[in-house]
Amino acid sequence: MTEPMIILLAGIFLPLFPMSMVFNAVLDNITQPWLRAILFITWPLCGLFVVFYSGVAIPGWVVTLALATSTLYALRMLTLREVNQWNGFLATSLWSLLWLAIMHDTPEMLLYGYALSMTVPLVLLVILSAGLEHRFGAAYTGLYGGLARTIPRFSGILVTVIVAAIATPLFPTFFIMFDMVVETIAVMPLAAIALLLIWLLWSWAGALLIQGLIVGRASKAKVADIDIPTIGLYSTVLLALAIAGIYMSRVIL
Amino acid sequence: MEQLIIVVAVLPLISALLIQLFAGSLGRSTARLSVAITTLSFILSALLLTWALTGQGPQTLQLGNSSAILLFDPLGTLLATIILGISLIVHLYSVRYMAEEAAYGQFFVLLDLMTAALLFMVIAGDLITLVIAWYLVGVLLYFLLGQDTRSQTAYRFAFWTLITYRIGDLPLILAAALLYNAYDTWSLTVIFNQIIANPHAHQFLGFSLTDVVAALIGLAAFARSAQFLLHTWLPYTMDGPTPVSALMHAGIVNAGGFLINRFAPVFVNSGDVLNMIFIVGLVTAIFGSLLMLTQNDIKKALGYSTMGQMGFMIMECGIGAFSLAIYHMFAHGVFKGTMFLSAGGVINSARHNDGIPKDELYTFAVEKQPNKARKPWLLMAAITLLVPLVILIFAHLLIAEDYFQKQGAVILLFFGWVTGAQLIFATYRMRTQNIWRMVGLSVLSLVIVVLGYVFISHAFDLFLYPDAAFRAQLYTAASIDILHFDVLVVVTTLIIVSGWAVTYYSEHSGYRRRQKSKHLWLNFYALISREFYISDIYTRLTRTLLVISGKLNVWLRWL
Chain A
1108 MTEPMIILLA GIFLPLFPMS MVFNAVLDNI TQPWLRAILF ITWPLCGLFV VFYSGVAIPG
1168 WVVTLALATS TLYALRMLTL REVNQWNGFL ATSLWSLLWL AIMHDTPEML LYGYALSMTV
1228 PLVLLVILSA GLEHRFGAAY TGLYGGLART IPRFSGILVT VIVAAIATPL FPTFFIMFDM
1288 VVETIAVMPL AAIALLLIWL LWSWAGALLI QGLIVGRASK AKVADIDIPT IGLYSTVLLA
1348 LAIAGIYMSR VIL
Chain B
438 MEQLIIVVAV LPLISALLIQ LFAGSLGRST ARLSVAITTL SFILSALLLT WALTGQGPQT
498 LQLGNSSAIL LFDPLGTLLA TIILGISLIV HLYSVRYMAE EAAYGQFFVL LDLMTAALLF
558 MVIAGDLITL VIAWYLVGVL LYFLLGQDTR SQTAYRFAFW TLITYRIGDL PLILAAALLY
618 NAYDTWSLTV IFNQIIANPH AHQFLGFSLT DVVAALIGLA AFARSAQFLL HTWLPYTMDG
678 PTPVSALMHA GIVNAGGFLI NRFAPVFVNS GDVLNMIFIV GLVTAIFGSL LMLTQNDIKK
738 ALGYSTMGQM GFMIMECGIG AFSLAIYHMF AHGVFKGTMF LSAGGVINSA RHNDGIPKDE
798 LYTFAVEKQP NKARKPWLLM AAITLLVPLV ILIFAHLLIA EDYFQKQGAV ILLFFGWVTG
858 AQLIFATYRM RTQNIWRMVG LSVLSLVIVV LGYVFISHAF DLFLYPDAAF RAQLYTAASI
918 DILHFDVLVV VTTLIIVSGW AVTYYSEHSG YRRRQKSKHL WLNFYALISR EFYISDIYTR
978 LTRTLLVISG KLNVWLRWL
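Just so you know, the protein sequences line up as chains A and B, in that order.
If you want this note's numbering, it's the 1-based position in the first sequence plus 1107.
If you want this note's numbering, it's the 1-based position in the second sequence plus 437.
Check before you lean on any hint, since a few could be wrong.
[Stated by the list, open to error] So the derived list for chain A, only partly shown, Cβ under 10 Å to chain B, looks like this:
| hint | residue |
| --- | --- |
| 1 | Ser1127 |
| 2 | Leu1182 |
| 3 | Arg1242 |
| 4 | Tyr1247 |
| 5 | Thr1248 |
| 6 | Val1289 |
| 7 | Ile1292 |
| 8 | Ser1310 |
| 9 | Arg1324 |
| 10 | Ser1326 |
In short, the hints are calculated from the structure, not lab data.
Think of the CB as a built atom: it goes at the ideal place given N, C-alpha and C, for glycine as much as any other residue.
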């Protein structure tokens, strides 16, 4: 396989526009939450595998395209109301930045760690989104709202997962982004500024998603909240993620 | 003993964790637990402050096995005590104030986490801890302001705050990345020592790295302390709970002043950036005060008042009076916190009894029974201009004879003089029957305020920056060419005195205005009442961005 073909193939899994549309099209056609979760976990790993297995030399323009892709999807997240679609766009925006880490000669195993730790909050969001679909028939912002009053425990977890996904301390994505800025600023100052703007757009989109779901008066319809053991499970995963973030900070920063 | 600073910062985290875990079984007792732990933390920090006042420190401490470094130094211990003092008052107030809220326990969890984030921010000894704490303050404030999840308005303005704070995070992250690349360490102490040893050893894009970092730190401080163009969130975030407003106006918004102080060794080598900071602070102070005076909504007026005060605080940094900014933040914090927390009680009791004794002082000061005859204006003008000047010069000479050789000191004196003169000028305009009594009271209060401010700020100076040479360096760094400085002072004085003359003249001539000036005045008033259209411009820009986002989604078929 020629080098451009390998880049094209890798660009499907480590999204580069327009190949990035493939992932979102696939995600759009999967309705089973567990299949979605598997898709989220395997997709970036496949991309990294393609890059490392082929040993392809990455051309310089890939970084520019990766940043443009990430910015494009971060910007488009601002007007998304469907939670799964939002999740898919965030994944696209996050994974495309892995190209920068590859260009910075980040060790292979650490890159797999990056991809996994970026993806875990997204997988949790897939499950929570399924929970919303199960309870309300759709995971859509502004449709019902008031989740903080209707199902407070579920809302608490949902908010924490969104916060973790958009690279907030102490979760791993925060440290990965921080490291990318540190690595980029000296050699490509404009790329570092682009990274920060993408980060800002995630926060913006995350806040809009949170507001669209949890704010408002309680629903009159009786909806079951999640039980305490499930809360414990989610909390354990999130705590493990935060610990992984702190550990990662010692390794990469 | 110094190790206690770690306990002080970790205690609120433990409180938050305990409340989160046992909220169900503790019920409303969660508040008592939170108050108890905050009290303990406050007592320990007060002990540490006393320890630091005896001349102990500065010292760096490792946080457990982590790579995080904490600082035991005068700035950190002083601010930790102030933060915990304000946080304790807010906690106590919230016990009953928030009692009817559904998410009572969650509120105290957030309050404790916010206290912890603020503490870690002020005692952070490395850039990573500082950035994390700085970032988390914004996120936690968003959730605290949106405590009432039924209110769309509360969240709308909490969102403004979040975005502005996130904008402020970006330059700090960039500054941290640049410093790490240049000095290969995250430790603030090591970086500052190297900068002091060789200030301009590194370059970035052809500029001195010190200047670039100082400018970035300044930008981060502007966003956090609501400086002009990054201020719109502050007057509008009044839909959050009152204790959160108190905490925000008394503590969180002051973070800009702290950050500039923390990076003093960088700013001492970046005179141009200090001048820029002075200008931004000055513009903010003018706009904040102007907008405060024209608001018909008391809460927004309070918000703009805070903006004006933050402008003054940043301006003080810009003239090299770093420790004065810390004193300002402390004094303003106590003042504004008291206003917010007592507002409800005052309004409630005023409904039943206004509580004002109708005695001689009341009729004199409030009813302002006008006197037909006035004292000669020339005499009053002389008193207006000279009395504050004499008081200020005398008070400052008490602390240092060479005080007036620093430009920053002259600027402070200038502002003090304008304020004092304005006070006496306003007194003259009141036309009371006993003008001498009124002037006497004004002068007495001015003497108390000036002496108090001079001595306390001097004490802050000695405690925070014990090295006299460094203090002098800060003032020198902020200085400009002496000719420009003199011209600036004369022109500003002329503008202000002309303003007073115009005010006197227009009052004397019964406020008669020509048609043209009336029209101009109305246009100016419209501009102010729309708050210079800044919020409108931002709203328009936001909508444009959302339209672009939406169109892109449609064109790309949501894939």
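Here is how each hint holds up against the structure:
1. Ser1127: Status holds, d = 8 Å.
2. Leu1182: 5 Å, holds
3. Arg1242: 18 Å, violated
4. Tyr1247: 14 Å, violated
5. Thr1248: 12 Å, violated
6. Val1289: Holds - the Cβ of A/Val1289 comes within 10 Å of chain B, reaching about 4 Å at its closest.
7. Ile1292: Since the shortest Cβ distance to chain B is 4 Å, the answer is holds.
8. Ser1310: 5 Å, holds
9. Arg1324: At 5 Å from the nearest chain B Cβ, A/Arg1324 passes the 10 Å test, so the hint holds.
10. Ser1326: Hint on A/Ser1326: violated, closest Cβ of chain B at ~12 Å, above 10 Å.
Violated hints, in rising order: 3, 4, 5, 10; the structure is consistent with all others.
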